[in-house]
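Enquirer: The listed protein sequences correspond, in order, to chains B and G. The first sequence: position 73 = 72 (numbering that gives the first Met the number 0), numbered continuously. The second sequence: position 141 = 140 (numbering that gives the first Met the number 0), numbered continuously.
Be aware that a few hints might be false.
Claimed, not checked - Simulated pairs of lysine-lysine, BS3-like, Cα-Cα distance not exceeding 27 Å:
(1) G:K293 - B:K202
(2) B:K69 - G:K133
(3) B:K202 - G:K331
(4) B:K7 - G:K199
(5) G:K384 - G:K199
(6) G:K133 - B:K163
(7) B:K87 - G:K293
(8) G:K293 - G:K133
(9) G:K331 - B:K132
Claimed, not checked - Short, incomplete list of chain G residues facing chain B, as computed with Cβ under 10 Å:
(10) K118
(11) E119
(12) T125
(13) V129
(14) D156
(15) F179
(16) S214
(17) A247
(18) D290
(19) R292
(20) S366
(21) S470
(22) V473
As the list claims (entries may be wrong) - Simulated coverage check for chain B against chain G, where a stretch passes if three residues somewhere in it have a Cβ under 8 Å from a Cβ of chain G:
(23) 16-30
(24) 100-113
(25) 139-152
Bear in mind the hints are in silico, worked out from the structure with no lab data behind them. Note that the Cβ used here is the ideal one computed from N, Cα and C, for glycine as well.
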Amino acid sequence: MAILDDLKVTVIDMEVEKTAKLTQKALDDGLEAGEILDGALIPAMDLVGEQYERGEKYVPEMLLSAHAMKGAMKLLRPLLVSSGAKMKGCVVMGTVEGDLHDIGQNLVGMMFEGAGFEVYNLGAEISAEEFVKGVREHEANLVGLSALLTTTMLHMSEVIDALKEAGLRDQVKVMIGGAPVSQEFADEIGADGYAPDAASAVKLAEQLVSHR
Amino acid sequence: MSEIRNGRVLKLLDQRLEDRIIDEAMEVLEKTGVLVENKEGIQLLKNAGMNIIRTMEKGTVFSIKRSLVEDSLKTTPSSIKLYDREGGEEPTLSIGEGNNEIYFDPASTALYVFDYKKKEVRVPKTNDLVDFVKLADALTNIDAQSTAMIPDDVPKDIVDRYRLYVVLRNSNKPVVTGTFTLDGFNVMKDMLVAVRGSEKALQEKPFAIFSVCPSPPLKWSNLTCHDLIECAKAGIPAEFISMPMTGASAPVTLAGAVVQHTAETLSGIVIGQLAKPGAPLIYGGSPTAFDMRKGTTPMGAIETMMIDAAYIQIGRRLGLPTQAYMGLSDAKLPDSQAGLESGIGSVLAALSGVDVVAGPGMLAFESCQSMEKLVIDNEIAGMTKRLVKGIVARTDPLAEDLLHGDIYQGDHFLTSPTTMKWFKDEFFYPGSVIDRDDVDIWGQKGGSTAEERAHEDVEKILASHEPIPLSETVEKELVNVMEKEANKYGLKQLPS
Numbered sequence: 000m001a002i003l004d005d006l007k008v009t010v011i012d013m014e015v016e017k018t019a020k021l022t023q024k025a026l027d028d029g030l031e032a033g034e035i036l037d038g039a040l041i042p043a044m045d046l047v048g049e050q051y052e053r054g055e056k057y058v059p060e061m062l063l064s065a066h067a068m069k070g071a072m073k074l075l076r077p078l079l080v081s082s083g084a085k086m087k088g089c090v091v092m093g094t095v096e097g098d099l100h101d102i103g104q105n106l107v108g109m110m111f112e113g114a115g116f117e118v119y120n121l122g123a124e125i126s127a128e129e130f131v132k133g134v135r136e137h138e139a140n141l142v143g144l145s146a147l148l149t150t151t152m153l154h155m156s157e158v159i160d161a162l163k164e165a166g167l168r169d170q171v172k173v174m175i176g177g178a179p180v181s182q183e184f185a186d187e188i189g190a191d192g193y194a195p196d197a198a199s200a201v202k203l204a205e206q207l208v209s210h211r
Numbered sequence: 000m001s002e003i004r005n006g007r008v009l010k011l012l013d014q015r016l017e018d019r020i021i022d023e024a025m026e027v028l029e030k031t032g033v034l035v036e037n038k039e040g041i042q043l044l045k046n047a048g049m050n051i052i053r054t055m056e057k058g059t060v061f062s063i064k065r066s067l068v069e070d071s072l073k074t075t076p077s078s079i080k081l082y083d084r085e086g087g088e089e090p091t092l093s094i095g096e097g098n099n100e101i102y103f104d105p106a107s108t109a110l111y112v113f114d115y116k117k118k119e120v121r122v123p124k125t126n127d128l129v130d131f132v133k134l135a136d137a138l139t140n141i142d143a144q145s146t147a148m149i150p151d152d153v154p155k156d157i158v159d160r161y162r163l164y165v166v167l168r169n170s171n172k173p174v175v176t177g178t179f180t181l182d183g184f185n186v187m188k189d190m191l192v193a194v195r196g197s198e199k200a201l202q203e204k205p206f207a208i209f210s211v212c213p214s215p216p217l218k219w220s221n222l223t224c225h226d227l228i229e230c231a232k233a234g235i236p237a238e239f240i241s242m243p244m245t246g247a248s249a250p251v252t253l254a255g256a257v258v259q260h261t262a263e264t265l266s267g268i269v270i271g272q273l274a275k276p277g278a279p280l281i282y283g284g285s286p287t288a289f290d291m292r293k294g295t296t297p298m299g300a301i302e303t304m305m306i307d308a309a310y311i312q313i314g315r316r317l318g319l320p321t322q323a324y325m326g327l328s329d330a331k332l333p334d335s336q337a338g339l340e341s342g343i344g345s346v347l348a349a350l351s352g353v354d355v356v357a358g359p360g361m362l363a364f365e366s367c368q369s370m371e372k373l374v375i376d377n378e379i380a381g382m383t384k385r386l387v388k389g390i391v392a393r394t395d396p397l398a399e400d401l402l403h404g405d406i407y408q409g410d411h412f413l414t415s416p417t418t419m420k421w422f423k424d425e426f427f428y429p430g431s432v433i434d435r436d437d438v439d440i441w442g443q444k445g446g447s448t449a450e451e452r453a454h455e456d457v458e459k460i461l462a463s464h465e466p467i468p469l470s471e472t473v474e475k476e477l478v479n480v481m482e483k484e485a486n487k488y489g490l491k492q493l494p495s
């Protein structure tokens, strides 16, 4: 459909306002929210992701495309929810207690949004209790933990323990990232996965959620 | 004098841009302000009459007046002397005003080590750090140690002090270190005092520097601010490591990033001088040109080095000792990329007039140490040291042998008195890593690469080098302090 093709192009071209307008127009034209999502937005972001991996797109461009996607999702989400369509996933993410470095996870957060996830980025220095509260409040099915320091990465297992205690561990997949962490560490603390960078974090998240 | 800083000729910023950067940094400090998350730091700025711009959940944003920055600069020492662990008479490093040398220490705090034999990046153990420290102790162009990597075989809560413990036991060279935890500083200070004998003696002859890193943009976290204030009080030199990342945690332009670096560092100088006027501080940094294709922080990017060169210029203009994380590479193993990035960085650092370069050994965005690279970088350091000595009028006339000898009667230069007098001092003679053999001889010796020769050196040095040991009493005291810490965190026995 022409309008979906146009919408795809506006996302790829990082046109934030135009994407929102076209999305609204598509809805006004009678298209279903799910059609717009699957027919334009997600394929557009998949393409952007591929272009990024090939070195054709740069981080700020990818983020702006994600931003455009996010604007469209704002319009679509309520409709998707009321129609009972299955959302891709809801992520609660943050940098664990005592760690001030949150650039990496912000990048991941925006990528998640771009991939169609519902994202609640709690920010830096987030305690285990705050993660639990976030998961409960947003009924998340994915938790993203980030750390940049060897000393703070220890807090990751505290978050996992707190999720267990709160009876939420089975409801969520936990993925971790950041310079000092590794697959080994993820296994050690009982996380469900580890990703070395933003692009692979999205892939991993998609895998984890689809395995549910 | 033409001999002063002969090889220190690079000024990437012209005078007007230099002025503008400083002025704008002052404006940023006054208008945007600095977020301080440490109670004592907040109190110091309040007491100094600085206005609060905003109160946040975890800290306070202060507007810092230009006049306070200028007053703080006046009381900051223009030079610092660092001694060896044993407290020898002559300083090992004499940095800041009047210094013509360039000093090198390994870059710090790697999460990984490159295992040459297995050709893999892995997590280091205590014995890796011990080896690395011994190697740095033996290499003649490496002037100081750093707590170079984070061993994985002790609890993470005590690893900051444990790294220092390992360095102190295995090298006589001064050390650049830092904490990861709030209770780290006091324990580490106790170790330094144990070595020196008293707090006063430590102040008189410091041999350790603590890195303090503001969080970009414009924030002093509780931990770094705490360490800065404690260093100032104890008279231990603190080294500012402002880390703007272009377009990610700082303005995207190089000049904009230098403004942020200047503002962050000046705010640190203010806090340090408010804590104790006269506190020794080093104008350092670790900016990066954030890679917009990969989302990584390359230390070997030319723009990273340009920001470094520019802030070094600002630091020198302000009359302070300078330091930079240069001579690093983002390669994952000691290869051509590692050599070229480290070489370019070290030379630019030298030309910019920096006092101390932290970088040798380091790979992969400051995350991985390599012993082989350390050996190769030792040669880069040697060449760079030669470079800063510059070209000097050694003789008068300059070409003595051309004017006074009789070259057409078969006089040659090889054994002339001038040659005999100067052929050693005028040149830097690298070790065996740098191949200058005739082609055939190189082939006969096995046709090795620089990395292979570096690895041979590593093995040779580790098999033969014996660092100056600590006295028995100091050794005992250090072990006591460390064992107590280890027990506190459930480790019964320290790794040997």
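Enquirer: A separate judgement is required for each hint: does it hold in the structure or not?
Expert: Here's how the hints hold up against the structure:
Under the criterion of a C-alpha separation no larger than 27 Å, the hint pairing K293 of chain G with K202 of chain B is consistent with the structure, at around 16 Å. The hinted pair formed by K69 of chain B and K133 of chain G fails the criterion: a straight-line CA distance of about 54 Å is larger than 27 Å. For the hint linking K202 of chain B to K331 of chain G, the alpha-carbon distance of about 24 Å falls within 27 Å, and the restraint holds. Straight-line distance between C-alpha atoms of K7 of chain B and K199 of chain G comes to about 69 Å, which puts the hinted pair past the 27 Å bound.
Taking the CA atoms of K384 of chain G and K199 of chain G, the gap is near 33 Å; set against the 27 Å cutoff, the hint is violated. Between K133 of chain G and K163 of chain B, the direct Cα distance comes to roughly 46 Å. Violation of the 27 Å bound is thereby established for this hinted pair. A threshold of 27 Å between alpha carbons decides the hint, and for K87 of chain B with K293 of chain G the separation of about 26 Å falls inside it, so the pair holds. Proposed proximity of K293 of chain G and K133 of chain G is contradicted: the alpha carbons are some 35 Å apart, above 27 Å.
Proximity of K331 of chain G to K132 of chain B is assessed by CA-CA distance (about 40 Å); at most 27 Å being required, the pair is judged violated. A hinted interface residue such as K118 of chain G counts as satisfied when its beta carbon comes closer than 10 Å to some beta carbon of chain B; here the least separation is about 18 Å, so the hint is violated. With a cut of 10 Å, the hint placing E119 of chain G at the interface with chain B is violated, because the nearest CB-to-CB distance is about 13 Å. About 15 Å separates the beta-carbon of T125 of chain G from the nearest beta-carbon of chain B, more than 10 Å, and the hint is not met.
Checking V129 of chain G against chain B by beta carbon gives a least distance of about 19 Å; that is not within 10 Å, so the hint is violated. The interface hint given for D156 of chain G is met, as the beta carbon of that residue sits about 7 Å from the closest beta carbon of chain B, less than 10 Å. For F179 of chain G, the interface hint holds, the least distance from its beta-carbon to any beta-carbon of chain B being 4 Å, beneath 10 Å. Below 10 Å, beta-carbon pairs count as interface contacts, and S214 of chain G has one with chain B at about 5 Å; its hint therefore holds.
About 5 Å separates the beta-carbon of A247 of chain G from the nearest beta-carbon of chain B, less than 10 Å, and the hint is met. The closest approach between the C-beta of D290 of chain G and any C-beta of chain B is roughly 8 Å, which is under the 10 Å cut-off, so the hint is satisfied. A cut of 10 Å between beta carbons decides the hint on R292 of chain G: the least distance to chain B is about 5 Å, and the hint holds. Hint status for S366 of chain G: holds, given a least beta-carbon distance of 6 Å to chain B, under 10 Å.
Here the hint on S470 of chain G is broken, as its CB sits about 32 Å from the closest CB of chain B, past 10 Å. Because the beta carbon of V473 of chain G sits about 27 Å from the nearest beta carbon in chain B, more than 10 Å, this interface hint is broken. Interface restraint, the stretch 16-30 of chain B with chain G: violated (0 residues with C-beta to C-beta distance below 8 Å; minimum three). Look at the stretch 100-113 of chain B against chain G: 4 of its residues bring a Cβ nearer than 8 Å to a Cβ of that chain, three or more, so the hint holds.
Under the rule that three or more residues need a Cβ within less than 8 Å of chain G, the assignment of the stretch 139-152 of chain B holds, with 4 such residues.
Checked against the numbered hints given earlier, the structure breaks hints 2, 4, 5, 6, 8, 9, 10, 11, 12, 13, 21, 22, 23 and satisfies all the rest.
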